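Given chain U's structure and the hints, the job is docking chains X and Z onto it.
Protein chains in written order, with this note's numbering: chain U, 1 to 444; chain X, 1001 to 1132; chain Z, 2001 to 2485.
Read the hints as simulated data drawn from the structure, not as lab findings. Keep in mind it's a predicted model, so treat the numbers as computed, not measured. From the three backbone atoms N, C-alpha and C, an ideal C-beta is built for every residue, glycine too. Take every hint as true, because none was put in to throw you off.
Sample of chain X residues at the chain U side, in silico, Cβ under 8 Å:
1. Glu-1066
2. Lys-1069
3. Val-1071
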Amino acid sequence: MRYLPHTKEDIEAMLKVTGQSSLDDLFNCIPDDLKTKESIDLPEALSEWELNAHMEALASSNIACKEYKCFIGAGSYDHYIPAIIPYLISRSEFMTAYTPYQPEVSQGTLQGIYEFQTMITELLGMDVATASHYDCGTALAEAALIALRKNRKANKIAVSALVHPSHRQIIHTYINPAGYEIIEIPYTKEGLTDVDALKDMDDIAGVAIQSPNFFGNIEDLKAFKAVAAAKKGLFIASFTEALAYGLLKNPGYFGADLVAGEGQSLGIPKSFGGPGLGLLAGTKKQMRNLPGRLIGKTSDANGDEGYVLTLATREQHIRREKASSNICSNNGLNAMTAAMYLATVGKVGIREIARQNHDKAVYLKASLEKAGFESSFDTPFFNEFVMKAPVGFEQKRTALVNDKCTFAGMSLEKFYPELKQHYLFCATETVSKQDIDQLVKEVQ
Amino acid sequence: MKEISDLNLPEDVKYTKDHEWAKLDSDIVTIGINDYAQDQLGEIVFVELPEVGDTFSEGDEFGSVESVKAVSEMYIPISGEITEINEALEDAPELVNESCYDSGWIIKVKPADVSELDNLMDKPAYLDMLKG
Amino acid sequence: MNQQPGTSGLIFNEPLLWDKSCKGRCAMSLPKPDVERANLDESLTGDAPELPQLSELDVARHYTRLSQWNFGVDSGMYPLGSCTMKYNPKTNEVQAARQGFAAAHPFAGDKFSQGALKLMYNLEQYLAEITGFDAVTLQPAAGAHGELAGILIIHAYHAKSGKQRSKIIIPDTAHGTNPASATLCGYESINIKSGENGILEPAAVAAVMDEDTAGIMVTNPNTLGFFESNIKEIADIVHSKGGLVYGDGANMNAIMGVVKPGEIGIDVLHLNLHKTFATPHGGGGPGSGPVAVVKALEPFLPIPRVEKDLDSYKLITDSPDTIGRLHTFYGHFSVMIKAYSYILSMGSKGLSDVSKLAVLNANYVKESLKGTLNLPYDMPCMHECVFNDEFQKEHHITTMDMAKRLLDYGFHPPTVYFPLVVEGAFMVEPTETESKEYIDQFIDAVKAIAKEAKDDPEKLHKAPLLTKVTRLDEVTAARKPCLRG
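Bound-form chain U, shown alone:
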């Protein structure tokens, strides 16, 4: 096996030093009755050639071929990834390093993540951003826990019904065993979270609103901040489409105390949903409540600038049972990827890409309306929107995937049973006018 370097002679020489006569004897410290009687039953080892063939067969039985057109978002977005990004992120010095516990030989990771933290705070208008979480859903659950722990009187968190359905489930999984509850804020006929319904809710430690919301619509975050503040709860903003903040006013502008978001759009492949990139940011006041790693600037013994993991006392290995979270490994390499993406697109690029996303989505929506689809909500959106489909669309949709590798929207009924025949569409910079025109022709 090419990964195992030991020759027969090496093994003999090394065994001699250990005083054992065979490799099996090394396991004499394990009582015999605890050893397994059976060897591991696995397929026979494959050569690299055989592995390539096997894996390509599996990969190509997913419908994600070269001609593939993706008009679905819902938390995982199809964006163009410049060639430089996979090229640079594959450098083994980044990829095969551990968490930067030895800062003297980890300055690449440390400066890179410090730059990431800085660019995320700039994107979101916040004071502090962590070095990453697993995904938006887990970051949002952590944000909910911050709000609940800090509030001695209230044990509920108000969560918009238009927060991604999976994220609401994750919050429930995380907070329920400790005795906390979620109250769901319903949505209005405009496809927005009902701020008046929130006003009537009591014992709220925090309010979580996603914008653009799961329907793609842009929420009035200012109104929710006001209600959250009046109830002495933390205002948590979330999002699944990070590129929206290349165009929209950011959550910090509206006074968010905490922001939990998904960074997959920033140069990370969809990869069947993971790994993505959990973003978690807060105001200065929340700095010491944020779980997860933080990189800070300092200097070395010679006075040269350098970077270290800092504020570690919040973390599980020091606080143990009093830690704010058990998070340890995060999604560091994807944070580095996102930093590379943000550096590549820059101020000019992110604005233009965000605008094109919005432009294409508006064009797609107008085109679908001409093709007999009905607009579900007359509300400003970013790159996703909901349409009620004409009868017979589901069959056409399936045929389109089979025949043209085109995913034309996603049915919402599974998540919102009241929305029969409603589909969530998404258009990004990767679809052309021609793609949209073709799609509309097919579904007419």
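Only chains X and Z this time, still in chain U's reference frame:
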């Protein structure tokens, strides 16, 4: 770390088993951590303070002190209401290292029952405890 | 290979991204607008975020220089105890990057995701076979996330049985994540000490186990590198009071093909694909932390689950006793691909050889260095061995000094000051992919450093001398946090 004989332990304050000190001035008790505690923790980087107006019962945790790699909770030796916190520690937690009985004090409390102070140790009793 | 790998070389300076920024540059080739500009209301739009403006070469040079300040497994030996920093095969990266996987949308639907689902299903089967359990979930995103899943499963099991419990037993050799995970589920941690020979004594468990205790969390092999040989007896004690045994499988690399944790009384176990199964650590993740359980706990696994129905695969969410969802989609799929490729490349014999050679390497290091460094527990070890700085104290040299000096010799230091049960711990896990030559170099380096500790202790206090920066001021970093530029 300091030898026990090198510790600065003033005679005019009372000590707790968790290494806080307390001192009564007219009707207000000032509380901090003692020389032994600051020395054990090493360079202090953050002091988590309660808010003015919070009330605590004797033995409650009222805050914590952090060094780079350790956290130590502080327990209040007397029941009462917080009347003042040492805000200077927010920007200069090192005051606890430099001057733990003076500019590095932590909270001031209006006690509910001053006699609770009688449960604390004087210097000889505290030294006996340290020596085990 | 007599010469040590550490050397001096040209290290570039490189400013922060925004210090290189020049107005008007953009490193991305922007698509041409082909539809009409659609304006949004001004009350909704903000200024473009102040991101750096760079050319493509600026970006390439920036990250290339940064990467050169980093140390990875491909740079040199990385014997970080408990972290299993083995070689990460490159073919696995090629497999994960295939278009059919990388571009797959998680909501494409089962029918159009058969390749991904089949891979997940097979990987679950393989991991169940390797560990001796009945069912596996791949959803947890990291080891600590798997641990949380495991404790949530224990919590759900007790809830289902009608009476929740309030405590959980955690030995002093446990990973720091264990108590934090227990707290998230509302359990109080009951800490117990391991015995004199570094392993748990059944009596210590029996003394605290009662019918209000949910179970015990055991790392086996433990963080001292020893196999918990009383595990069966301990499991019997815990089970007799209705509790469950959680196994932290972070150290599974020592026992593949030798012990199946599912056969020795453990009820739920997490694995780290980024340790045992050779997926890269990425400078802190993404990892993947699958959880394996016995049959009785299968109903509590997180949703969605992958099921096989004749020759097709589907995702199931209908599971009334589930702990719920832990990840937005199905977990870290691309990490799963890499682990799957690794298992297929190794096969059964390959994986068994991995554990044998990992244990051989650790015992070889232990025997070779035991006169040089103090060995608090001198017993045959599994995949790692723990020394400390007792012999160097007379020269006022600490574990930290020796660790930093190792950097100058071209080695990543071992894990230091963990486990907490050994003061000044120096915990070496060579892993099976290091050859005798690399290990001999490492041993020689440690011996040379121990000699320097006697002859030139000041050099060690100042180490490292050859790195981009030397020891950093962590006190100022924490007192006056500067977390953004």
